[in-house]
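Residue numbers (full-length UniProt numbering), protein chains in the order written: chain A, 1 to 445; chain B, 1 to 445.
Hints are all accurate, no fakes.
With a straight-line cut-off of 20 Å between C-alpha atoms, the simulated DMTMM-like cross-links for lysine to aspartate or glutamate are:
| hint | chain 1 | residue 1 | chain 2 | residue 2 |
| --- | --- | --- | --- | --- |
| 1 | B | Lys99 | B | Asp305 |
| 2 | B | Lys82 | A | Asp203 |
| 3 | A | Lys205 | B | Asp79 |
| 4 | A | Lys16 | A | Asp34 |
| 5 | A | Lys33 | A | Asp83 |
| 6 | B | Lys242 | B | Glu261 |
| 7 | B | Lys205 | A | Asp79 |
| 8 | B | Lys16 | B | Asp34 |
| 9 | A | Lys82 | A | Asp39 |
| 10 | A | Lys256 | A | Asp216 |
| 11 | A | Lys82 | B | Asp203 |
| 12 | B | Lys82 | B | Asp34 |
Bear in mind the hints are in silico, worked out from the structure with no lab data behind them.
Chain by chain, the residues:
Number of protein chains: 2
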Amino acid sequence: MLHLEHLSLNIPDTNKPRVVIIGGGFGAVNLTKDLPDKDFQVVMLSKLNYYGFWPLLYQVATAGLEPESIAEPVRKIFDDRKDFHFRFVRVTNIDPAAKTVTTLIGSIRYDYLVIATGTTSNYFGNQQIKQHAFGLKTLDDAVNLRSQLLQSFEQASMTRDPETRQALLNIVIAGAGPTGVELAGSLAEMRRHILPRDYPGLDFKQMNIYLVDGLDRVLPPLSPESSKNTHEYLEELGVIIKLNKLVDSYDGHTVKFKDGEQIRSQTMVWAAGVAGAIIEGLPAEVVERGRYLVNTFNQVQGYEDIFAIGDVAVMKTDKWPKGHPQVAQPALQQGAHLGKNLVRQLRNQAWQPFSYFDKGSLAIVGRARAVADLPGNKTLRGFIAWVAWLFVHVYYLIGFRSKLIVLANWVYRLFTYQRGARIIVRPLIKEEDKMGEVFVRQPAN
Amino acid sequence: MLHLEHLSLNIPDTNKPRVVIIGGGFGAVNLTKDLPDKDFQVVMLSKLNYYGFWPLLYQVATAGLEPESIAEPVRKIFDDRKDFHFRFVRVTNIDPAAKTVTTLIGSIRYDYLVIATGTTSNYFGNQQIKQHAFGLKTLDDAVNLRSQLLQSFEQASMTRDPETRQALLNIVIAGAGPTGVELAGSLAEMRRHILPRDYPGLDFKQMNIYLVDGLDRVLPPLSPESSKNTHEYLEELGVIIKLNKLVDSYDGHTVKFKDGEQIRSQTMVWAAGVAGAIIEGLPAEVVERGRYLVNTFNQVQGYEDIFAIGDVAVMKTDKWPKGHPQVAQPALQQGAHLGKNLVRQLRNQAWQPFSYFDKGSLAIVGRARAVADLPGNKTLRGFIAWVAWLFVHVYYLIGFRSKLIVLANWVYRLFTYQRGARIIVRPLIKEEDKMGEVFVRQPAN
Numbered sequence: 001m002l003h004l005e006h007l008s009l010n011i012p013d014t015n016k017p018r019v020v021i022i023g024g025g026f027g028a029v030n031l032t033k034d035l036p037d038k039d040f041q042v043v044m045l046s047k048l049n050y051y052g053f054w055p056l057l058y059q060v061a062t063a064g065l066e067p068e069s070i071a072e073p074v075r076k077i078f079d080d081r082k083d084f085h086f087r088f089v090r091v092t093n094i095d096p097a098a099k100t101v102t103t104l105i106g107s108i109r110y111d112y113l114v115i116a117t118g119t120t121s122n123y124f125g126n127q128q129i130k131q132h133a134f135g136l137k138t139l140d141d142a143v144n145l146r147s148q149l150l151q152s153f154e155q156a157s158m159t160r161d162p163e164t165r166q167a168l169l170n171i172v173i174a175g176a177g178p179t180g181v182e183l184a185g186s187l188a189e190m191r192r193h194i195l196p197r198d199y200p201g202l203d204f205k206q207m208n209i210y211l212v213d214g215l216d217r218v219l220p221p222l223s224p225e226s227s228k229n230t231h232e233y234l235e236e237l238g239v240i241i242k243l244n245k246l247v248d249s250y251d252g253h254t255v256k257f258k259d260g261e262q263i264r265s266q267t268m269v270w271a272a273g274v275a276g277a278i279i280e281g282l283p284a285e286v287v288e289r290g291r292y293l294v295n296t297f298n299q300v301q302g303y304e305d306i307f308a309i310g311d312v313a314v315m316k317t318d319k320w321p322k323g324h325p326q327v328a329q330p331a332l333q334q335g336a337h338l339g340k341n342l343v344r345q346l347r348n349q350a351w352q353p354f355s356y357f358d359k360g361s362l363a364i365v366g367r368a369r370a371v372a373d374l375p376g377n378k379t380l381r382g383f384i385a386w387v388a389w390l391f392v393h394v395y396y397l398i399g400f401r402s403k404l405i406v407l408a409n410w411v412y413r414l415f416t417y418q419r420g421a422r423i424i425v426r427p428l429i430k431e432e433d434k435m436g437e438v439f440v441r442q443p444a445n
Numbered sequence: 001m002l003h004l005e006h007l008s009l010n011i012p013d014t015n016k017p018r019v020v021i022i023g024g025g026f027g028a029v030n031l032t033k034d035l036p037d038k039d040f041q042v043v044m045l046s047k048l049n050y051y052g053f054w055p056l057l058y059q060v061a062t063a064g065l066e067p068e069s070i071a072e073p074v075r076k077i078f079d080d081r082k083d084f085h086f087r088f089v090r091v092t093n094i095d096p097a098a099k100t101v102t103t104l105i106g107s108i109r110y111d112y113l114v115i116a117t118g119t120t121s122n123y124f125g126n127q128q129i130k131q132h133a134f135g136l137k138t139l140d141d142a143v144n145l146r147s148q149l150l151q152s153f154e155q156a157s158m159t160r161d162p163e164t165r166q167a168l169l170n171i172v173i174a175g176a177g178p179t180g181v182e183l184a185g186s187l188a189e190m191r192r193h194i195l196p197r198d199y200p201g202l203d204f205k206q207m208n209i210y211l212v213d214g215l216d217r218v219l220p221p222l223s224p225e226s227s228k229n230t231h232e233y234l235e236e237l238g239v240i241i242k243l244n245k246l247v248d249s250y251d252g253h254t255v256k257f258k259d260g261e262q263i264r265s266q267t268m269v270w271a272a273g274v275a276g277a278i279i280e281g282l283p284a285e286v287v288e289r290g291r292y293l294v295n296t297f298n299q300v301q302g303y304e305d306i307f308a309i310g311d312v313a314v315m316k317t318d319k320w321p322k323g324h325p326q327v328a329q330p331a332l333q334q335g336a337h338l339g340k341n342l343v344r345q346l347r348n349q350a351w352q353p354f355s356y357f358d359k360g361s362l363a364i365v366g367r368a369r370a371v372a373d374l375p376g377n378k379t380l381r382g383f384i385a386w387v388a389w390l391f392v393h394v395y396y397l398i399g400f401r402s403k404l405i406v407l408a409n410w411v412y413r414l415f416t417y418q419r420g421a422r423i424i425v426r427p428l429i430k431e432e433d434k435m436g437e438v439f440v441r442q443p444a445n
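Next up, chain A with everything else stripped away, as it sits in the complex (with noise of 0.2 Å):
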């Protein structure tokens, strides 16, 4: 390990205003391919190397695709700019008065601030389920995840004891929003045309996948319609849902419920909630339910020149009292937008509103079942809906090299039902030695 104190951001100056962007996601990305190279110095700080095609991120999960095809290096995307300086390390806080941010590594003043740090998992506070519970938040998490299931699969190949199999084979996945959904749907698709072939030791009859939520309906954020659609296709793939209903504990070995149900299952994935990445700094009367209050030029509450985008914000209009949803599209909209309002700053123009265009929502659930709501309160299910996120799917994965794999890995399992990427990569070499690699178990964080 390196020792601290050798390092230092290191960002040349230059006469150019400096945009500070924390986080390399859907909104910082976009955001910075809007500010011209020549007119702005942009320095990234982030927390991961890649930006990351997250709502593929349960395909990763599920042996689908190799972590690989959803990211592409940040640097990669903006080798042709010579003012971009990407960091790779943790924001600790922000001084506004002073107008700097700090690093593990020193601090770093800017011009403009702009805050995309994105969600993280919230656990509402319970210390044991965020350390035993599976998150599904990054790369890290996923090839943990995908582990997680092969090894479950490999135990419980190796178990004559019934009730120690069926906890193997019992997957509980708790928030039924658009990750559990589509993450117990490719998990049912699985079960069905994978797992028999790769185990035929084990009847996966056996195999449950339950998918709880402390709502009365799967997907929320969108329309009953599809809700009712989704609930239908899950349940024709036989996945167990479960309503109304609250987990309340799980030590990594029995999910209890607020009603006195358990379940007992080694793998419970955490999909249930998410709260604003927030950074120290800021006062607190800027943060509403972990999510920094802007304006419609995504400013925060009583800043000129620190803003928030994407998921960590929450500009409340009148069609959207709540803000927007914290999905793909805001974000991207949201840096596209700040990003054309900085250079009508640099032109003395005035600054223009953003407005969120709705393109619709999809999810999948499995081969020719997803469900999309379109605008104008028009729903779509089935065949045309898989074949519309499919399209929208691949055309938003930037770069030529990502979408050829997805796209050959699709074609590919589109024919044979095959998935290749059934691979347990661990490197949890210091609990190897104790206990063997077939036994390491690293709970997500």
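Fit chain B to the supplied structure of chain A, relying on the hints for placement.
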């Protein structure tokens, strides 16, 4: 974590002869293919759930290929067999008197036992090097080394201290065999075509790639002619070659050589030696220099029903007095050959002795820079050797899907000089909380 006492190997009893294979590599997989499902029960015990195409592992470490593209799940390869039983578990002991092998979760009786465990890194007893150096034996290792290299460049971008920066940009590869040479060449190509674009703030003239070996030439298993060609290619690519040079110690910061020279480096890769992965239980006299002594039927000395194949076996013949080279071909051929002999046994036919068909050796240094030793003391170099290398490696990669993706990647890189997999994935969550992702360092073991 699951308690071990709940697990057992859980293999059904049949009337067929049971072949227990320890390992899941070239020899093990090729052997299984030649054992008819209807005649044999095959039990494969392995610490990895995938069949890795190890000759391309350095490509994963240098972000050229995704980990999944050089690996196939073992279960997928044999999913059409009814009496094949894969178990993801570590073997701890062999008891030839009882005809059983013992694993972490119980024992199993064998009719034929095949040891196909390959090799592990040999640190010649130096625990400090083992702790701090990066290995390159499995996908875990390769992903870990890839992350380490990328993190080093990230950190080098964040320091004004010239000594720290130099330590981060010095990569020391101990061992100039095929792995060391191909890794050095690939890193040199990366330095030339990729890194200056990704890290415009760094001067890659400062990046030093040291290739160190205790012997007096690179690629000692190949002909002197090919060694000379390889040496020339490596120097063209700017690799610093140090021969007749032995590593004395490495503390994670400074490589000390036996002759007193020191190089500060945050990344030393250990490719300097391997030893057969010996299992406890057989008498010491059947092991010579970490390999099981076998006769021309691959029977371990003194046993009729215990075999060793591939790297972990040493079969001394007139033509190969020190045994065959520890590469893929002998393992593949011995696996297939043993399979045919076991079938002969079933039919009461006489066994055939193994004879190695040397197809030649290939190594790649960079684009259009490869060397080959062909049978009959001929050598190839340059573009034609490179094309031969491409052809052979794609040909031997198992599985339609892998080939397609590897080819797509190569074609893409051929035209663009790009590498897509520059993703830092390090599921080392527990250490992150203390130190922040940017400073996590996990040496391979």
